[in-house]
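So you can see what is in the structure, the chains are spelled out below.
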Amino acid sequence: MDTERMKNKKKTKTSKSPGDSGVRSGVEQAVVGQSNAVCEGPSTTVKTWLSIWVAVHLMAITVSFTAVVEPSSLHQRLSEVLQPYLRPSHFSADDRPVYLTYGDADDQPHRIEVTTDRVTGVANSDDLAWRLVGPAETSGFASTPGLAVSDRVARWLSTVAMLAENDQPSLVADLLLPLVAKQRSIQGVRIVRYPTDLNDIHVGVTVPYLARVVREKSKVSLVQLKESRLSAQPRVSAFRFDPTQADQVAWFKEKLDVSAEPLSADHAVSNRLIAAEAGQ
Amino acid sequence: MKTNGNALKIVADTEIGVWDRYWFSSGPVEPVSIIRGLLAVIALIYFLSAWSDASFWYAEGGPLSATNVSEFLTTGGLESAGSWIVSPLFLTDSALFYQLYLIVGMATCLVVLWGRGGRWVSILLWCLFVGWANRAMLLSGLAETLLSLGLFAAAISPAGSFWTALSATRRAKRESSSGDVVMHWTAGFAERLLATQITVIGFATWVAMLAGRVWINGLGAYALAAPVEDRTIDWTGPSSLLVRVSVHEGLTHLMMIALPLGLFFAWLPKTSQIGKLILVGWCIAIGVLGSHWLYAMTFAVLIFSIRPRKRGGDGGWDRSAA
Chain A
0 MDTERMKNKK KTKTSKSPGD SGVRSGVEQA VVGQSNAVCE GPSTTVKTWL
50 SIWVAVHLMA ITVSFTAVVE PSSLHQRLSE VLQPYLRPSH FSADDRPVYL
100 TYGDADDQPH RIEVTTDRVT GVANSDDLAW RLVGPAETSG FASTPGLAVS
150 DRVARWLSTV AMLAENDQPS LVADLLLPLV AKQRSIQGVR IVRYPTDLND
200 IHVGVTVPYL ARVVREKSKV SLVQLKESRL SAQPRVSAFR FDPTQADQVA
250 WFKEKLDVSA EPLSADHAVS NRLIAAEAGQ
Chain B
0 MKTNGNALKI VADTEIGVWD RYWFSSGPVE PVSIIRGLLA VIALIYFLSA
50 WSDASFWYAE GGPLSATNVS EFLTTGGLES AGSWIVSPLF LTDSALFYQL
100 YLIVGMATCL VVLWGRGGRW VSILLWCLFV GWANRAMLLS GLAETLLSLG
150 LFAAAISPAG SFWTALSATR RAKRESSSGD VVMHWTAGFA ERLLATQITV
200 IGFATWVAML AGRVWINGLG AYALAAPVED RTIDWTGPSS LLVRVSVHEG
250 LTHLMMIALP LGLFFAWLPK TSQIGKLILV GWCIAIGVLG SHWLYAMTFA
300 VLIFSIRPRK RGGDGGWDRS AA
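Just so you know, the sequences run in chain order A and B.
Just so we're aligned: 172 in numbering that gives the first Met the number 0 is position 173 of the first sequence, and the numbers increase by one with no gaps anywhere.
Just so we're aligned: 38 in numbering that gives the first Met the number 0 is position 39 of the second sequence, and the numbers increase by one with no gaps anywhere.
No lab work stands behind these hints: they were computed from the structure.
As the structure is a prediction and not an experimental result, all values here were calculated from the model.
Worth double-checking, as some hints may not be accurate.
So the derived label-pair ranges between C-beta atoms look like this [said to hold, decoys possible]: (1) A:123 x B:280: 44 to 54 angstroms; (2) A:131 x B:253: 50 to 60 angstroms; (3) B:78 x A:161: 17 to 27 angstroms; (4) B:66 x A:202: 51 to 61 angstroms; (5) A:131 x B:54: 33 to 43 angstroms; (6) B:268 x A:198: 46 to 56 angstroms.
One-sided excerpt, in silico: chain A residues whose CB lies under 8 angstroms from chain B [to be verified]: (7) 48; (8) 80; (9) 123.
Every residue gets a Cβ at the ideal spot worked out from N, C-alpha and C, and that includes glycine.
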């Protein structure tokens, strides 16, 4: 046991001595190609701690990169537990597309456009004069598609479109307002999504977000405009009870006898009503 | 019982031995210096590309200014998620400070490339890079994560000049000798960490790709190139080869096979070069079709950290695989 400890001590000493400065001198010697510099491994304690860290680190990366697609609740919880390590170090894959593409709406190109015309609704918004803003508006190296600058804009717009489609207008406004607030002439803003060859040929340019810019004194706000939704109205039946019709009389008597199972009777009533209406 | 105990101890010792040999045996400093130098060049390109971001995104009144980000997180109830995204840049909205930060970042990249200032400069570069990538928040993509992992692991090794390491490796190859090699256990550890990380990420990428329909039905390669407005090169024109069904389907299937096969071959001493060649081909396809330039470059550089040992080697390094 003592011999083991002695050996460890000795190892620790040798591993400390060629520390940074020793290594640097070794590298410098190699630069001029004069010597072979070999150093001993770390102490057992260092090895133990490093081994634990390596295991946790690799596990954390694996969890983070595999949690992108559709994690189980356990996987998700584990990923959240590891966030204090993964996020500050930027080792986390978060929700970034590790799979590169799935050919879905997130991958489609988005652009942000503004107008100085008054935006009154979705239907006539296409008739207004829209102009592109952001890095894509200027020609030059930075605006070249696919390079780092335009990639960042694409990620930002894809996030905005996703938030708009998930009914988060306040979050969208937080991201877009700074861009439109500075220019007083801007009356409206929209995010445009371009189709790709993978989309249906009948799918053209879509607008996942359209908003009117409202300015009141020093306050600027965005009012999202949506297509008016169809509302479901109850159908008015033209069915009239005719006592001369034998089957209708039988049915009406049956309807009145709801003592046993009112719910099922009601279902039967509605079914008959539909059938009778279809018959007429 | 005693015999069983001894047998167990031997097995445990052997396993510990294999683990220790893999992680803690000495390795040459030059290969890690080359990888670190290349990662520093990619980080330099990244910092250069971010120059216009300072005034557009992060300056006062910008879409991602510190004030606006804090408001966004509060509105979305994301304060807890945001609390782990740490960066000194959240403390200011001054465009000048951001540009100064970028200048320091670019200067550090050059210092690392020339192997000056010891490993602390490499660690400083990693910190500067992480500070910027964390500040970018939802603007940062996969390339940033890969670069962060790469710069961190490479910083563990002792510093060395990229140019000197490159010329030393060339000379050693030309003379077919392994003389004049600087070895250190941290260099070996850094290289093994880089190699293991990229293998794990490679397999995770492949598994994630398998979950998507386009990577199975043959449309994956075309889906990468399809959003032409966001791509540097348009491969979807009528005269392009990629529009032919046989070409994009074949390419998709090749890409799906290349990733696991390349990683497997890269770890075998005899086929390591072929494996790396396959993986570099995969990176070229990702870069050219999908315009994921920084991601593809970083992935390709990290592949070269995979250097399998010779069978029965005693901690020595297989130079032929480098």
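These are the hints, each one checked on the structure:
The supplied range of 44 to 54 angstroms is met by residue 123 of chain A and residue 280 of chain B, whose beta-carbon atoms lie about 51 angstroms from each other. Range check, residue 131 of chain A to residue 253 of chain B: Cβ separation about 37 angstroms, and the 50 to 60 angstroms hint is violated. Under the hint 17 to 27 angstroms, the C-beta atoms of residue 78 of chain B and residue 161 of chain A, about 20 angstroms apart, fit the expected range. Between residue 66 of chain B and residue 202 of chain A the Cβ separation comes to about 38 angstroms, which falls outside the hinted range of 51 to 61 angstroms.
Here the CB-CB span from residue 131 of chain A to residue 54 of chain B is close to 19 angstroms, at odds with the stated 33 to 43 angstroms. Look at residue 268 of chain B against residue 198 of chain A: about 47 angstroms separates their beta carbons, and that is inside 46 to 56 angstroms. Taken as an interface hint, residue 48 of chain A does not check out: its beta carbon lies about 12 angstroms from the nearest beta carbon of chain B, beyond 8 angstroms. Taking 8 angstroms as the C-beta contact cut-off toward chain B, the hint placing residue 80 of chain A at the interface is violated, the least distance being around 12 angstroms.
Against a cut-off of 8 angstroms between C-beta atoms, the interface hint on residue 123 of chain A is violated, since the closest Cβ of chain B lies about 25 angstroms away.
Hint compliance for this structure: hints 2, 4, 5, 7, 8, 9 are broken, all remaining hints hold.
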